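A.B. asks: Protein chains in written order, with the working numbering: chain U, 2 to 298; chain D, 654 to 873; chain X, 1297 to 1554.
Simulated from the structure, these hints should not be mistaken for laboratory data.
Predicted model, so just to flag it, every value in this text is computed and none were measured.
Errors might be hidden in some of the hints.
As the list claims (entries may be wrong) - Partial pick of chain D residues on the chain X-facing surface, computed with a CB cut under 8 Å: (1) G697; (2) N698; (3) Y699; (4) V742; (5) V743; (6) P744; (7) R767; (8) R769.
Cβ coordinates follow ideal geometry from the N, Cα and C atoms, glycine included.
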Amino acid sequence: MNDLAAYNFAYLDEQTKRMIRRAILKAIAIPGYQVPFASREMPMPYGWGTGGVQVTASILGPDDVLKVIDQGADDTTNAVSIRAFFQKVANVAVTTKTKEATIIQTRHRIPEEPLREGQTLVYQVPIPEPLRFLEPRETETRKMHALEEYGLMHVKLYEDIARNGHIATTYAYPVKVEDRYVMDPSPTPKFDNPKMHMSEALQLFGAGREKRIYAVPPYTQVVSLDFEDHPFEVQKFDKPCALCGAENVYLDEVVLDDKGGRMFVCSDTDHCEDRRAHGHAGALLARPTQESQEAAE
Amino acid sequence: MHLRDGVRLPVVANVSFSVKAGECVVLGGPSGVGKSSILKMLYGNYGVDEGQILMEHDGRLVNLADAEPRIVLEVRRTTLGYVSQFLRVVPRVSALDIVAEPLQARGVTAAEARDRAAELLARLNLPKELWALPPATFSGGEQQRVNIARGFITDHKILLLDEPTASLDAKNRTVVVEMIAEKKETGTALIGIFHDEEVREAVADRIIDVSEFSPRKHAA
Amino acid sequence: MSAIPLLKVNDVSKFYGSRIGCRNVSFELYPGEVLAVVGESGSGKTTLLSCLSTRLMPTSGIVEYHMRDGQYRDLARMSEAERRFLMRTDWGFVHQNPADGLRMTVSAGANVGERLMAVGDRHYGNIRASASDWLRRVEIEEDRIDDQPRAFSGGMRQRLQIARNLVTSPRLVFMDEPTGGLDVSVQARLLDLLRGLVHDLGLAAIIVTHDLAVARLLSHRMMVMKDGAVIEQGLTDRVLDDPREPYTQLLVSSILQV
């Protein structure tokens, strides 16, 4: 017997997968509602995406193509480990290309490439309760969700404006789903919030430590909370991506040397590579090319 | 009268009298005979065990002896005024505002009520520098004048006076006598207790001897 | 005062097992009327307040409230959503300990503005202007609007709690020992402030207190409770100046004269 035989397909046993699928179905039926589920111990520490991994394991089939990103990148430790994990326990095809993936597990980003029908985005969620910041009692927050008492969410935004002159919340920015439940979109930058609205793809959220699953089905309204005189706005970047020249994408700051040199590049590595492959070039790539041409002459 | 340990002290019994509009009736008799108690019963401040206290209020007859608290308060606000022997001071409220309050309670604007209050305090010779202060630290006579101004500022149809001139000097006593005369002219019914014989002579249309209502006398 | 009661309380009792919380309490409260409930600790006054304000379910009896739509509603038959909505719009509750009624970790402005946001106000500028106006009305300097109540004195906290409750123009406010635990001079200021607000806003209020001076200053009517039952009630000055029941006489004669 080889090593694989010791595990069921996709690591979790079938009963557990059924239990999680039921939770997922319920979550899809009640968009934005946090469904409790019996979270299992996974072979990784909490905070490394145990919730997302359980959701992915429960929906993964042999024909799926899996992509895993961490902060937009396919090549960081967390993404590489989880991708390797599912290659090993499910033997599924993996990819870094957003277009090719059927399931994308993500930590803290939504790909720049618009998602299509048939794709599923699985979020890793650390704290699923958006009201937790101001109301520590779980009994009370549940009641507030049940009775749609969401004044407290605006108290948080009010505090932001009072302190900073504008809504300074930049990630985990609360949204209202289908005009009913207020939901924490996990610590994605608020830049990605508009992508959730009327998305063609199914969005599933798994919080392993907190034992909650919630979902946004395709074509669902997702509206970011705001004030009339302080409307919701996404971050804007002064410069395009230094590598691919993309504008209106979310950029990461990369420190280049110890002399204060830095560049802003796409946080979505696949998007950046795809653009470069199609001949787009940012300021940093354009210049060396020119220099090398000069050197050749 | 009920004081403590459930001891019931019969004070007055079978008190019967009536007062017409524009009339000033003085309750007479030696002290301790129950004059103040009668006045307090008329105001609803003391409970009435038996009998009726009928007064015309807002075009109807109200029996104050068994009226609900909110009716008593309504009668006090518009019909029944009271100048007590001692001023009950409210923390932090100025003399001027204490005087103006009953007018404001009847819907007069704050500015107008204060103007009227200022007129009355001036007439009663209360030094102007005291008006803005809470009267807790005033002398007896000064507090009494604030009290009188508060009682006289409105056009209540019935006014109860419990020794309003007791701690006043001759000059201010005269002012109060004048003010009582003016109230009578405007058709106010007044019931008062005045120990000062001079004042009593000046204001009384009729004197009722309260010792007539002594419970001992009735028992006998 | 209106002729239609705001609150109708009919034969309300609350038992904790075999122990009596309060029993057979009936009264009506009219708009603009301030009722003081006095008695020693353990007399049932706080239990009664909890039953009236739906924080406790009475064992028996009916409490009806005259809603803004003109209908009487049996509080026990209302859904929890309706009760909670009532609590944060048409009612107020002032706790003895301000920390129980405030959010200590958000600013004074947000504390006052929360009820407005809860009923759907979504204009930051307007919410802040109302908060600022209410801080002024309760004599808190407007430049403290962004400070947390943790940085406030006891008296300021209590005033902030009052502002937080009154911002939605409630018609009925419950107060549980609102001046308890404050210095005398701070108490005097708070009482004066409450007196003015209650009068200006035409509020109906039920104030539980063991302090007869508070009752005298704030209330129109009084109920005296002993062993869970109302033993005497009436006009405040009548009860205090001519107490009929031996227990009330004892209470009144126990006041320290200054």
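A.B. asks: A separate judgement is required for each hint: does it hold in the structure or not?
C.D. replies: Each hint tested on the structure:
1. G697: Holds. Min distance 6 Å.
2. N698: Interface hint status for N698 (chain D): holds (5 Å vs cutoff 8 Å).
3. Y699: 4 Å, holds
4. V742: 10 Å, violated
5. V743: 7 Å, holds
6. P744: Since the shortest Cβ distance to chain X is 4 Å, the answer is holds.
7. R767: 15 Å, violated
8. R769: 19 Å, violated
Hints 4, 7, 8, counting from the list given before, are not met by this structure.
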